[in-house]
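Here the structure of chain A is known, so what remains is to put chain B in place on it, guided by the hints.
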Amino acid sequence: MNPLFAMFVTQRLVHLSGVDLAIIAFYFVLVLVIGFYLKRFANTGEDFFLAGREMTAWVAGLAFVSANLGSLELLGWAGSAYQYGIMAAHWYWIGAIPAMVFLGLVMMPFYYISKTHSVPGYLKLRYGSEASGLSAVTFAVMTILMSGVNMYAMAVVMKVVLGWDINFSIWVSSLTVGVYVAAGGLFSAIFNEVLQFFLIWFGALLIPILGMIETGGWSGMVARIHQNFPGQDFTHMWAPMGSFANNPMGINWIGIVFGLGAVQSMGYWTTDFLVVQRVLSAKDIRSAKMAPILGSFFKMAVPLIVILPGLLGLAVLPMHLVPNAPHLAPGQHSYNEVLPLMLARYCGPGLLGLGITALVAGFMAGMAGNVSAFATVWTYDIYRPFLNKAAPDKHYVSMGRWCTLIGLIISIGTAYLVMGFASIMDYVQALFGFFIAPLFGTVLLGMLWKRVTRWGGFLGLLAGTVSSITMFLLMQKVDPQRWVPIFARSPLAKGLAQDMYQSLWSCVTCVVVTVLVTLVTKPKPDAELVGLVYSLTPIAKEEHASWLHRPLVWGILALVALVILQIIFW
Amino acid sequence: MSEKHHIIPVWFPPYTVLAELHAPVWWGGLLAVLGVIYCAMFRPGKT
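Residue numbers (our numbering), protein chains in the order written: chain A, -3 to 566; chain B, 198 to 244.
Chain A extracted, bound-state conformation (with noise of 0.2 Å):
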């Protein structure tokens, strides 16, 4: 059957009206016309790859959330919200804005002062091309996955609450976003996730206000929380942590400080080079600091539309979610289904399409931020420096649209492989954490310690990606009963706190092996560290600026605010 045709018969949960399609399929031809007019700026490597280093602090800072901000993450983390509370914005909070503040003001300095392109560029210049190559490979290879499997889990959610067929969703989104990033390369992904960002505020915004009205405010809503699931607590951040038994996620407040808040979100948000290379396009040192700072802001506020739609599922729906599976009874709907069930509560036609729009721009938004990403590290950090060291700058743009489009027919590829095998979803997320957790480890330390040898950093990222793997097989697969307890700290961690532990325990491997291989090889000379490690680098100072222009006042500014919300919600 023809999937246009298709997608009007299969079972779903809301019918759009004719309005409803009408904004959508404006915003699908606004993101395209965006990216055409973007490409007459698209012109050098510099231009495609780093959107000519033009961008305000503002924008960078934007992007750097929206690219984040993806389909999976929207529909997930509500979802999560929905299975363990208000504990699931630890994942916005404490697991971002301490990264994101510490990126601006200590690594982005050494980012954007070395000149490069990626974060794999980075360790080529500090290290060498051994951790440079390892870097690149694995993140272009993670990152088509990514793509793919986030790709198949939005095509599902439209498929559920849309009817929509799973094959129009995928190529109709897929290649909307392939087009505009080849045609305006960075420039067009970066301007378009400000309007996806935008969107994806004003199409979800309602829900919280709406259902905080439906339920009389904040304490209306815990009651109906406690009416409905008597005797769990779903709206504490900190009190349940004491111990693992205490919570729904089975995890304490050592994975949450540590595993999550030092290792996983710094790695994540430091290191992994989809989201820094929205801020490695900022027009001068100083935005590129404020960037993150203002983009923490940004990320601070985005559990108001996707934490809070979830605790909202727990007070309001008149029915139980359940754990996510393949294949669901019939009237029963996953935890992941709460943000459409949500938006289809509240908003009627045109709201409706607004608020499905908001999803596809996540979805795109995500989705523009792989593949850009993606098309950077394959032709500045595989294909110039291992396979044509010396074309012409037009040669590695035309590189660059080509591997866009590449990419995104190999994503195209995953998603239907993870059609055929639903258990890959799985593992294609655990092998992406496996890799950030260490580069952390190799990056700051090559950052902050002159001393780092070009084996220390290869041999030390090297042993902390193989032990992440290794605790994962350990602890999934050989023997859960023996090995949880001992790199999880209890018997009762459940995947998530598993994962924290695995991640910080791989990071201090990458430390432990970086640091004992340094002192028995011999280090660069200082010469070649200029502009790279911090005793080496004369870093501008900011007295000339106001205090309303300095970065390190607003992060102090987020940080505060940080601890403002943990002691609200304690």
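Hint data in this document are derived by calculation from the structure and do not stem from the laboratory. If you're wondering where the values come from, they're calculated on a predicted model, not measured in any experiment. Among the hints, a few may not be true.
[To be verified] Label pairs and their computed distance ranges (CB to CB):
#, chain 1, residue 1, chain 2, residue 2, range
1, A, Arg478, B, Leu231, 53 to 61 Å
2, B, Ile234, A, Val168, 42 to 50 Å
3, A, Val318, B, Gly232, 38 to 46 Å
Ideal Cβ positions, reconstructed from N, Cα and C, are used throughout, including at glycine.
Here is chain B on its own, set in the frame of chain A:
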């Protein structure tokens, strides 16, 4: 919106005070106002 648009009973508008709020009207109006302000401030050619 009528029953035909929805399959399970979670739908807009729920049988609460929300039905009297006319959210589509004021939310749509708010977005339109924001859009007009944005277009006026960042129209092409404005220095």
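How does the Cβ-Cβ distance of Ile234 (chain B) and Val168 (chain A) compare with 42 to 50 Å: does it lie in that range? At roughly 32 Å between Cβ atoms, Val168 (chain A) and Ile234 (chain B) fall outside 42 to 50 Å, so the hint is violated.
Is it true that the C-beta distance of Val318 (chain A) to Gly232 (chain B) lies inside 38 to 46 Å, as the hint says? holds, 40 Å
Assessment of proposed distance window 53 to 61 Å (beta carbons of Arg478 (chain A), Leu231 (chain B)): Once the Cβ atoms are compared, 57 Å apart, the range 53 to 61 Å for Leu231 (chain B) and Arg478 (chain A) holds.
The earlier numbered hint that this structure contradicts is number 2, and it is the only one.
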